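J.: Take these sequences, add in the hints, and give me the full structure.
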Amino acid sequence: MKSIIPVILLSLIFVMGSAQVDSCKNQITPNFIRNEKDYSFKINNKKDDPFKIEFSFYGGFIYRIVMCPENNEKLSIIVKDSNGNILYNNSYFDYANVWDFRFQSNMECTIEIKSVDEASNSINVMMYAAYKGI
Numbered sequence: 002m003k004s005i006i007p008v009i010l011l012s013l014i015f016v017m018g019s020a021q022v023d024s025c026k027n028q029i030t031p032n033f034i035r036n037e038k039d040y041s042f043k044i045n046n047k048k049d050d051p052f053k054i055e056f057s058f059y060g061g062f063i064y065r066i067v068m069c070p071e072n073n074e075k076l077s078i079i080v081k082d083s084n085g086n087i088l089y090n091n092s093y094f095d096y097a098n099v100w101d102f103r104f105q106s107n108m109e110c111t112i113e114i115k116s117v118d119e120a121s122n123s124i125n126v127m128m129y130a131a132y133k134g135i
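The opening residue of the sequence shown carries number 2 in our numbering; numbering runs sequentially from there.
Derived by calculation from the structure, the hints in this document are not laboratory data.
Owing to the predicted nature of the structure, the values given are computational and were not obtained by experimental measurement.
A portion of the hints provided could be inaccurate.
[Said to hold, decoys possible] Listed below are the simulated BS3-like cross-link pairs for lysine-lysine, each with C-alpha atoms no more than 25 Å apart in a straight line:
#, residue 1, residue 2
1, 75, 53
2, 133, 43
3, 26, 75
4, 115, 75
5, 75, 43
6, 26, 115
T.: Rendered as structure tokens:
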């Protein structure tokens, strides 16, 4: 009986985590085409530098980016162009984890992600990207 309890607990954690990912994926509505690649990464709050993802956006499309942190923790997300200009900062939008971008021309950007809660050591995050024509 003692060996069954850890297995049940691990199963519950997996199901709860899977449900969270599924609800997060549902933010990509059918009118968007999901990017072939899903991003999975760990944010380490003990480092001063944010986690960075280089991302290419193409003109003539609307992009939807969805961040799915474990335990629904708040993330600071800043999108910068190749010159370091801030294009988006989710702190102005109550740390939203879903947002849409519209681009008129091709653009290379850096997405910087940090946890708002400095007390947590590290956070697992899934990121989904999708697009649709304008």
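J.: The structure should be examined with respect to each hint, and the outcome stated for every one.
T.: Going through the hints against the structure:
1. Restraint check for residue 75 and residue 53: the C-alpha separation of about 17 Å stays at or below 25 Å, so the hint holds.
2. Under the criterion of a C-alpha separation no larger than 25 Å, the hint pairing residue 133 with residue 43 is inconsistent with the structure, at around 28 Å.
3. This hinted pair checks out: residue 26 and residue 75 have alpha carbons roughly 17 Å apart, not beyond 25 Å.
4. Only pairs whose Cα atoms come within 25 Å are accepted, and residue 115 paired with residue 75 is accepted, the gap being roughly 9 Å.
5. Under the criterion of a C-alpha separation no larger than 25 Å, the hint pairing residue 75 with residue 43 is consistent with the structure, at around 14 Å.
6. Of the pairs offered as hints, the one joining residue 26 and residue 115 holds, with about 21 Å between alpha carbons and a cut-off of 25 Å not exceeded.
Going down the numbered hints, you'll see the structure goes against just number 2.
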